[in-house]
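Asker: Same order as they appear, the protein sequences are chains X and B. So in this note's numbering, spot 113 of the first sequence is number 170, and the numbers just go up one at a time. So in this note's numbering, spot 33 of the second sequence is number 53, and the numbers just go up one at a time.
Among these hints, one or two may not hold up.
[Stated by the list, open to error] Among chain X residues calculated to face chain B with C-beta under 7 Å, some are:
| id | residue |
| --- | --- |
| 1 | Asp128 |
| 2 | Ala138 |
| 3 | Pro144 |
| 4 | Tyr155 |
| 5 | Gly158 |
The hints are simulated quantities; they were obtained by calculation from the structure and are not laboratory data. Don't be surprised by glycine CBs; every beta carbon is placed ideally from N, CA and C.
For reference, the chains in residue letters:
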Amino acid sequence: MACIEARGLRKAYRNTVALDGVDLRVEEGRILGLIGPNGAGKSTALMAMLGLTSYEGELKVLGRNPWTERDQLMRDVCFIADVAVLPRWLRVTEALDYVEGVHPRFDRAKAEGFLTGTTIKRTSRVRELSKGMVTQLHLALIMAIDAKLLVLDEPTLGLDLLYRRQFYDSLLNDYFDRSRTIVVTTHQVEEVQHILTDVVFLDRGRVVLEASMEDIEVRYLEVAVGPDQLAAARALQPVHERSGLGRSFLIFDGADRARLAELGEVRTPSLADIFVARMPQGTAA
Amino acid sequence: MTSASNTMSEQPAAQGAAPAVLPWRRLFYWSVRRELWENRAIYLAPLVMGGVALIGVMLSTLALPRVLRAVARGDAKHTEALMGAHSFVAVAIMITGLFVALFYCLSALHSERRDRSILFWKSLPVSDLMTVLSKAAIPIAVTPVVTFALIVAAQVVIYIWSTIVTVLSGNSPTLYWSHVHLGLMWTALPYGLVVNALWQAPIYAWFLLVSAWARRVPILWAMGVAVVPAVIERGAFSSAHIAHFLSERFFGGFGEAFSIGGKGEKPIHEFSQIDPLRTFSSPELWGGLIVAAAFLAAAVWLRRRREPI
């Protein structure tokens, strides 16, 4: 069964259309990156999946309608909707006590274990912690919950590079196993690409690309060509072209690798490059 | 879309180790504890005010030997003063509790939206209904219990202190003891506090609803909706029915509990005149509770749907 399944998902606010007919399918055990420029509808899509906003169209998360069955859904779903939403008055010990008190799947020893690796004091209040420490605390709480689906909305926004690295390493090594599903949105494509199994590009409320990382590696190729080969390369219909250091870099979707290799050096483009290539002109952030 | 909604719950729980659902009592307990962590004023403010009132009363016992001599002569005014010290401390604690409860209700569902922490609370399996009920339990259940405990503690201190002062001044404490009837007070007080909390329930529920709804300054909305019609009525008809109705709701709880026929018009003179059966069958009390339930239901509905500010 699919963990998340959306068909014709639509959400309109008073003046804007945030989601304009999104079709999406996320299988169990995948790590999906939801990527798009500001205002693409990423957060709205997550809010809909978490039952935090109403929507039109069909949406099932773990087989449930998130809007009408939110209370049941939240037993199996966990999320970090935003950095710095832990209440500032909360003490670290209180946070542990409370989550242990209300969550049937919270493993306190595990959370304590994550915290041991940090400099967070148990008696501190959230307002006394640095932004990075608050994220570490939030992640320690969330990762100690045995949830089927974890949703992360820009979880590393405003964090130092060091914390961002730690965050994703920790997520991959200490949390993820094949029975869990993770959905993450972010601006920092480079930092998540090595952990993702699937990727969805959103733009202006629509899905521009939905593919697994294996597909991406097979489909997309980038070739670096000198000026003499440029015309020949262009003839093969690249989806994107940029130039630098006297060479041109052309990205192809579904081109023949051997043919490209005759023109220049071929490599798999980064997710960020593909993102830029697939965004309609002028929208890529 | 909703037809296949229960397919998940029919599957066996993964791993089967932890129960999928915790008993509501446990969720409620932790939700209330959470409120007390955040809002320590719920018990600290009445405690401090009780302490301040207690200091005043203890200073007044300098005059206690003189008062007791007057009581021995049969002076009624001084006899009342003996019990008055105990009532004074009780009223100080009760009024503080009332104001803290009102301010608590105004911020309870507002501050979590303002600081976006609602997104954290909503990431845990605690329903909006449970959250709103646990918040409503603070003014309606927790504050009365805190108030009663603090009043009893303060009165015990006054009683012992007065006894010591009396003995040290060379008098027998039996005269003091024979005029101070704390046992009766402690029997009647819980009843009065319960009736009062239920009587004021629609006010608390209204404040909670406003705090779930208002984007800014909930206090203005909460008070405005009450005050504006009262002012208009006063200006238009020179009458004060709305104002009277509101102040009755606000301050009338004890009058309801401790008067003959309710409404506080004819105060009772002895405890045998207390009539719980009449109080608890009063249509005004029940009408208020129904309105309170409607306000709370609306607050649950709003918390379910509204996004952070």
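Asker: Any of the earlier hints contradicted here, and which numbers?
Answerer: No numbers; nothing is violated.
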